[in-house]
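Residue numbers (our numbering), protein chains in the order written: chain A, 735 to 946; chain B, -12 to 534.
Worth flagging that the hints you see were computed from the coordinates, not collected in a lab. Do not rely on the hints blindly, as some may be mistaken.
Which chain B residues stay away from chain A? Per the calculated CB distances, all over 12 Å, these [said to hold, decoys possible]: (1) R156; (2) G269; (3) E284; (4) E411; (5) R418; (6) T422; (7) H426; (8) P486; (9) I487; (10) N494; (11) A497; (12) A506; (13) G507.
Covered by chain B, according to a simulated footprint, are these stretches of chain A (three or more residues, beta-carbon under 8 Å) [to be verified]: (14) 916 to 923; (15) 937 to 945.
SDA-like, lysine to any residue: derived pairs with alpha carbons at most 20 Å apart [claimed, not checked]: (16) B/K492 / A/W923; (17) B/K492 / A/S942; (18) B/K361 / B/K492.
All values derive from a computational prediction rather than experimental measurement. Even for Gly, the Cβ is constructed at its ideal location relative to N, Cα and C.
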Amino acid sequence: MIPWRKLPKNLQRAILAMMLLSGEAAVASCCAPMVCDPPPPPSVTPQPTPAVSPIICDPAPPPSSTPTPTATPTATVTPVRPPVKTPMIFDPPPEPPPAPDSMRIERAKAAKGSSAPLPLAEIRSVSIYTDDSAPDSADGLVFEAGSPWPEARYRWSASGGSLEDDGGRATWQPPNRAGRYLLQVVADWDAAGLAVDALVLVVGEDGSVTVG
Amino acid sequence: MPGPSAGPASTLAAGNDVLLVEDLGQQRLPARALAAVLLQAGFGVQLAHLGPGRSDGGGDVPRAIVALAEQLQPRLVLLSILFGSRVPEYLALAGALRRAGVCAHITMAGPLPSFAPSELLAACPALDSVLCGEAEASVVELASRLDDPAQWPLVPGLACRAPGGSTRRAGDWPALVADLDSLPFPVHDGRLPSYLNYGFATVEGSRGCYHGCAFCLPVAFYRGSRGPCYRARSSANLVDEIESLYRQGARLFLFDDEQFLPPGSFRAERIAQLEQELARRGLEIAFTIKCRADDVEAALFRQLRGMGLLRVYVGVESGCQASLDLFGKGVTVERNFKALATLDDLGIVADFFDLLFHPWSTLETVENEIAFCKRVAPHISTPLRFNEVGILPGTRLADRLRMEGRCSGEPWTWSYEIVDPRVEVLRRLNRLVFTSSAHWIRMERRLTDSWYTLLLERRFQPARFDDALASTVREVVACLNREWLAVWSEMLEFARAGPILEAGKVNDAAGRWVSRVNAGCMHGAGILSDLGLSPSTGSEAEVVPSC
C-alpha cells in the first residue's frame, strides 16, 4: 500500500472529494481501505459530552496536553516585581444605543404551528455495548443499546456489512472488504426525545474486527 | 454518563487554609490568580480540579475533592465558576462537602455568581457566601475574617445570609484593581502542561473590554464594577511573567485577555513594546490571542505572526447583520468576512463560533448565517462551529429577555424558547446533530490538535514543516465543512417546506443527518491518522496537576 503522503496531490484530493463530497456514508466506506490503512489503534467507546453554553468570549481551545513529569511539587515563588510603570486604563464607553435593526428580528412573524408538543423535547443519551456473552461465531457480532430512559424504540444502521435489527439488540455481519464502518443506533421516544450513539468498526485485511 | 473528573492538585504553600476548586482543564486563570494573592498574604492554598461531568448536578459527586477536603479540613473552600452550565455540579459539591463533615466556610466567585448571589444562596444551603465582583482583594479579606461572622459585612462585595435567612450584600462590589502590575503572577506550581514537549501556559496581559456587546458576561461584569473597564499590564511586567514561564519550559502562550489589543491609538505602541521586549530577552515563543473582527488589519497581524502568533479566536459571532446589531457588536458582516480572509492570507489559523440561534432568531436569520458560513468556508482552516447564544445574567440580552417574560430556568443560564417553532426545532436539531455529538466534538478536538502540531513545527522547526501536509489537513477541514453545510441546507429546506413539526418525521430525518456527520468524522479521523496526525498521548484525558 502506498503511504498517503506519497500519493500525488491530485490523487489525494480526488480521494478526499470522493469520500466526503458525496455525503453518502456507504460511498465513503468503500474508499476507506485506500486511505485508512493501517487502521488506527482501537480506542474507548466515545463518551457523550454535555453541550456547554459557552461564555461567548472563550479562547481557542488549547491543545490536548501531556503532563510534564516533574518531581515533588514546589511552592511557587512570587517573582520580584519590576519597577511599577503606569498601566493603560480606560474608562467605560457610553452605553451603546439600542440597535435599530434588531427590531426587524422582533417583528418577524412566527409560523403557525400545531398545538402538539414540539419534536426533540429532550436530547437524551443512549450507548452501544458489545454483547460479550453472545457466541463469537460466523453469525456476526452482537451489540446492545442501553439508555437510562425506558421504552425507547431503537433503529440500527450500518454503513457496510449486513445488519439484523432486533430492537435493543443488533447483529452485524462484517463485510468482506477491509475498512472503517459506522454502526449507529437511534433511540426514539417520539416527541419526548431522541438519542444517537455510533461506533466505528474497523475490519482488517484478515477479517478481524476492532471497535475503533 | 461519565462522572465528573476530579483530581486534587498540589500544595502551594504550607498550611491548609484555602481549598480552591476550578475546572483547571480549561487552562483559565481565575483560581490561579486568586491563589497567588492568598499566597502573597500568607495563606496556605491548594488547587483542586473539577472537570466536566453531569450537567444536571445529580448523581456522581467528585469524591476525590470531598476526600481531599476531609483530609485537609481547610478553613475556606472557594468554588471558582467559569461556566453557567457547570453551576449545578459545584452546588452539588458544596452539599457533598457539608454532608461529609467539612465545616469550612464555602464561598463562590466569578463573574457569573456575581450576578446571582441571592439565587445561589437560596439554591444551596451548604453555600455560605458569594464573592461578588473582582475577588482579588475581597478573598483575602474574607480569609482574614472567617472566624468572626460579624465582620463579614466588612468584606467588599460579599453576599451572605442574614440572620433571618435573606441575602445580605456587604456594600458595593470591590473596586477593580487599578494597577494590574501590582498583582502577583498567577500560580502555576512548577508543572506546566505540555504538548509535543512544548510547555504551554495561559497568561493575561489585560482585563476587561472597551466594547459593549449585549451578550457578553465579562462586559457586564466590568461595567458593573467600580473602575476602568479595560486595564492593561505594562509590557515589561507582562514579559517578566512570560520569561518566568519560559524558564519553566513554556513555549506556547495562550493569552486569555478578553481583548488582547488595546484601543487604536495605543495598539501599535503596545505591540512594538512587546516585540522589542521579547526580542531583547531572547524569548522565542508561540502564542494565541482573542480579538474582534474589526481588529484584524493585515500589517499588524503580519507583525504579530512574526512574533509567534499561531492562532486567533475571532469574535465573529454572526454572519447576519440583524443579529450583529442585536448583539451590539458594531461590526458588519462584510468586516467579519474580511477579517477571516485576511487571517487566512497571512497563514494564521482563525477560530470562531457562529451563533446561529438566539431568542429572536427567525428562519431568515438562520439562513443568513448558513449563507455566511458557505461564503467563508473557503477561507478558513478550522471546522465550522454552530452554536447558540447563552443568556447570561447581567447582560443586556438577559435584561431584554426578562422584560419580555421569556426567561425560564435558573439565572446562571437562563433558558429560552425561540418564538418560531420551526426555528426552535432547528436549534434542537443543531444540538443533536452537531454540538452534543461525541464524534463531532472529538473530530473538532482532533483538528485542533493537528493544527497545533503543524503550527508549532512551523514556528520552532521550520525545516521540518511539511506544507503539503498542512494543505491536506486544510482539505480535510474543507470537505467536512462542505458536508456540514450540505446537511444544514437539507435541514433548512426541511424547516421551510417539510414536516418539521411532526415528531416521527423529524426523528427519522435527524437519524440520517447524524449518520452523515458521524460518517464524515469517521473518515476525517481516519485520514488524520493516516497522515501521522494521531491523537497525542493523553489527548482523551484532561491533564491537570495531580497529587
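Problem set entry | Beyond 12 Å from every chain A Cβ - status for B/R418 | Not fine: 5 Å to the nearest Cβ puts B/R418 too close to chain A.
Exercise. How does the coverage statement for the stretch 916 to 923 of chain A fare against chain B, requiring three or more residues with Cβ below 8 Å from a Cβ of that chain?
Worked result: With 4 residues closer than 8 Å to chain B, the stretch 916 to 923 of chain A meets the three-residue bar; holds.
For this session: Test the statement that B/A497 is away from the interface with chain A: the closest C-beta pair must be farther apart than 12 Å.
Result: About 6 Å separates B/A497 from the closest Cβ of chain A, which leaves it inside 12 Å; violated.
Problem set entry | 12 Å Cβ clearance of B/E284 from chain A | B/E284 clear of chain A: closest Cβ-Cβ about 19 Å, beyond 12 Å.
Exercise. Is the nearest CB of chain A more than 12 Å from the CB of B/N494?
Worked result: At about 5 Å from chain A, B/N494 fails to clear the 12 Å cut-off, so the statement is violated.
Problem set entry | Distance rule for B/I487, whose beta carbon must clear each one in chain A by more than 12 Å | 8 Å, violated
Problem set entry | Pair hint B/K492 and A/S942, alpha-carbon separation not exceeding 20 Å | 37 Å, violated
For this session: Test the statement that B/T422 is away from the interface with chain A: the closest C-beta pair must be farther apart than 12 Å.
Result: The claim is violated: B/T422 sits with its nearest Cβ about 5 Å from chain A, within 12 Å.
Exercise. Can we trust that B/A506 is non-interface, i.e. its beta-carbon lies farther than 12 Å from all of chain A?
Worked result: Given a closest Cβ separation of 4 Å, the condition is violated.
Problem set entry | 8 Å C-beta test of the stretch 937 to 945 of chain A against chain B, three or more residues | violated (count 0)
Problem set entry | chain A versus B/G507 - minimum CB to CB distance exceeding 12 Å, so not interface | At about 6 Å from chain A, B/G507 fails to clear the 12 Å cut-off, so the statement is violated.
Problem set entry | Beyond 12 Å from every chain A Cβ - status for B/E411 | 6 Å, violated
Consistency note: the structure conflicts with the earlier hints numbered 4, 5, 6, 7, 8, 9, 10, 11, 12, 13, 15, 17 and 18.
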